[in-house]
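Protein chains in written order, with my numbering: chain A, 184 to 619; chain B, 5 to 135.
Everything labelled a hint here was simulated from the structure, so no lab data went into it.
Bear in mind the structure is a predicted one, so any value in this text is a computation, not a measurement.
One or more hints might be untrue.
[Stated by the list, open to error] Cross-link-like lysine-lysine pairs, in silico, BS3-like; alpha carbons within 27 Å at most: (1) A:K343 to B:K71; (2) A:K342 to B:K90; (3) A:K343 to A:K368; (4) A:K549 to A:K603; (5) B:K71 to B:K135; (6) B:K71 to A:K342.
[Unchecked claim] Now the stretches of chain A that chain B is said to cover, found in silico as 3 or more residues with beta-carbon under 8 Å: (7) 230–243; (8) 377–391.
[What the hints assert, rightly or not] A short, non-exhaustive set of chain B residues, derived as facing chain A with CB atoms under 10 Å: (9) N61; (10) T69; (11) V82.
Glycine included, each C-beta is placed from N, C-alpha and C at the ideal position.
As a plain string of letters, each chain reads:
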Amino acid sequence: MTKVIETDVAIIGGGPAGLAAAVSARKAGAENVVIIERHHELGGILQQCIHNGFGLHRFREELTGPEYAYRFIPEVWDDPKIDVYLNTMVLDLAKDQSITAVHPSHGLITLRPKATVLAMGCRERTRGALNIPGTRPAGVYTAGAAQRFVNMDGFMPGKKVVILGSGDIGLIMARRFTLEGAEVKAVVEVMPYPAGLTRNIAQCLEDFDIPLYLRSTVTKVHGKDRVEGVTVSQVDDAWQPLPGTEMHIPCDTLLLSVGLLPENELTQMADVPLDSRTQGAVVDQNRQTLIPGIFAAGNVLHVHDLVDYVSEEAEIAGRAAAEYALRDGDTRQEKITVIPGENVSYVLPQRLDPDAETEFYLRVTKPIDRITIELGGVRLAVRRLVRPSEMLKIRLRKDHWEKLKQENGETSLELVLDAKAQPVPSPRAQREGVRQ
Amino acid sequence: MKDTKATTAVKEEIRNMTCIVCPTGCQLEVKIVGDLIEVTGADCRRGEEYGRNEVLNPVRVLTTTVKIAEGTLPLLPVRTTEAIPKELLYEAMTALADIELKAPIKTGAVVVENLLGTGIDLVASRDMDHK
Ligand SMILES: Cc1cc2nc3c(=O)[nH]c(=O)nc-3n(C[C@H](O)[C@H](O)[C@H](O)COP(=O)(O)OP(=O)(O)OC[C@H]3O[C@@H](n4cnc5c(N)ncnc54)[C@H](O)[C@@H]3O)c2cc1C
Ligand code: SF4
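Just chain A, same shape as in the assembly:
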């Protein structure tokens, strides 16, 4: 017979989101918590991210990925009320939260939690999703897969590398390959600005004189059994290759760093509504999805660039999940919908309880020198030098709600969040303290 496990909170995924959610659920009073992780160890993607750059906001230190994970793992192992199921893969999640998983010794198991936190992370976009013309030889990998090979399995995928996409993983791998003795010939990015953090452009490419071609893409892959080279072309504003700009680069490996996709198969099995912009669930300020009792945090919800905020978000979800489990139900009121407006590519949470004090996580659509963030016309904050690669965090306070009520009336159930571009004050105006 299938083993059935009852628990207050079940957490699917043992990466940084799952770890932080478990700890915070316990702190908020959950009697028992179960983490289900398909790998042989906890830590998620962090275990392969051996570079430093994690935890600066949270710990005021630059930790490597594994070091960051170890700030949480012992606390989870030492808590007798947190059960960790490793090598266990969740196969199904039903709307009533019943979870079906395969365990290495029990076989199929069923969990019946009072609340569930989705923390499955994300996966990489692959070549199939991109459709590059040319042959289909060996030697094409996603940057994250290459990272795992090089950092955990001890296998170098190639010697001459071209990287398509300037996401952080690709940039980090450009440096890693170079230090390991491979030659990184180019990083090719279709947009007019890099996708990854500026600091990674500096310390991973500029430090090693690796060329970055913006407004360009790989238009052809050459080679029969193994990659022998790629053709790189410049593109126009509609991303169409410009004839006559082709450049041939010999290489034996093509790495794809073209973005991440939240891993939401299970989420969809439970009919949890998704946001087409984040590709993750629609959530409220507690990170509760539109299915009561199911919460989500981390890369499964939206792709984060900083793990610090993954932990922060997961703490919110873990705490709220515990409270839900203890309450044994939901006390829902009508929620306000937040709609991304001018220059905003996405905003989270997408739903708000009226008067909720929270922090918006959002991204802009393009680099802008100076913006004001406004919710329903009420100014929340001013930010400088914003870029799509960096997620913004904007506080929503009580006094903002008061202004909102004055301007929009008590009943407004939809609020637009704008990131309005502002003129940058001239140096003279700045010196003289003139407000613009």
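Based on these hints, arrange chain B with the ligands on the given structure of chain A.
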């Protein structure tokens, strides 16, 4: 300095760089006039220090892996406890290629003391259990 005219031969150089100390990535302008180094564009003091260091002695933290026998994985991630001179990065990689440790090992355990005479240690950045 009395005769300013005579010293106008002092070379003035401006370097633009990205501060890598935190994810904000401020754009720094470093002006070098003789022995004087002036950093503008930094949002905080650490950025000014970074700009100055980039001219005088650029340093980087090295993160890589070394071989480990009998562990749950064949490689152990390691890091320098502090940044080492940038020009030593490749030399350090070559020196580490021959190391082979034996599991188990704990996070923070010293793998190489005083790496290449820098006074900085190389340590394990995760636990590795015996398989
Ligand atoms: C290559 C790379 C480099 C990065 N570099 C930095 C950096 O320099 N600085 C920084 O701050 N952040 C960085 N990040 C971001 C940060 O690491 C991630 O945002 C963070 O790890 C996401 O945490 P998570 O828990 O949501 O997902 P993950 O770490 O992906 O964890 C998800 C876990 O869920 C498990 N899982 C999924 N589905 C199932 C299932 N069905 N059953 C059981 N288990 C399941 C997976 O095995 C995995 O362990 C980087 C990310 C990547 C990918
Ligand atoms: S100057 Fe300060 S704020 Fe700016 S990137 Fe450097 S450390 Fe960060």
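Are the Cα positions of K71 of chain B and K342 of chain A separated by 27 Å at most? The hint holds at about 20 Å.
V82 of chain B as chain A interface residue, shortest Cβ-Cβ below 10 Å: holds (8 Å)
Next pair to validate is K549 of chain A with K603 of chain A; report whether the Cα-Cα distance is within 27 Å. Holds, at roughly 12 Å.
Can the restraint linking K343 of chain A and K71 of chain B be considered satisfied, given a maximum Cα separation of 27 Å? The hint holds at about 23 Å.
Keeping to a limit of 27 Å between CA atoms, is the pair of K343 of chain A and K368 of chain A held or broken? Holds - the C-alpha atoms of K368 of chain A and K343 of chain A are around 7 Å apart, at most 27 Å.
Between the alpha carbons of K342 of chain A and K90 of chain B, is the straight-line distance 27 Å or under? Holds, because 23 Å separates the two Cα atoms, which is no more than 27 Å.
Per the coverage rule (Cβ-Cβ under 8 Å, at least three residues), is the segment 230–243 of chain A covered by chain B? holds (count 6)
Hinted pair K71 of chain B and K135 of chain B, Cα distance within 27 Å: holds (14 Å)
State whether the coverage of the segment 377–391 of chain A by chain B holds or is violated, taking the criterion as 3 or more residues with Cβ-Cβ distances under 8 Å. holds (count 8)
Does the interface hint hold: is N61 of chain B within less than 10 Å of chain A, judged Cβ to Cβ? violated (15 Å)
Measuring from the C-beta of T69 of chain B to each C-beta in chain A, is the shortest one below 10 Å? holds (6 Å)
Of the numbered hints given earlier, the model fails hint 9 alone.
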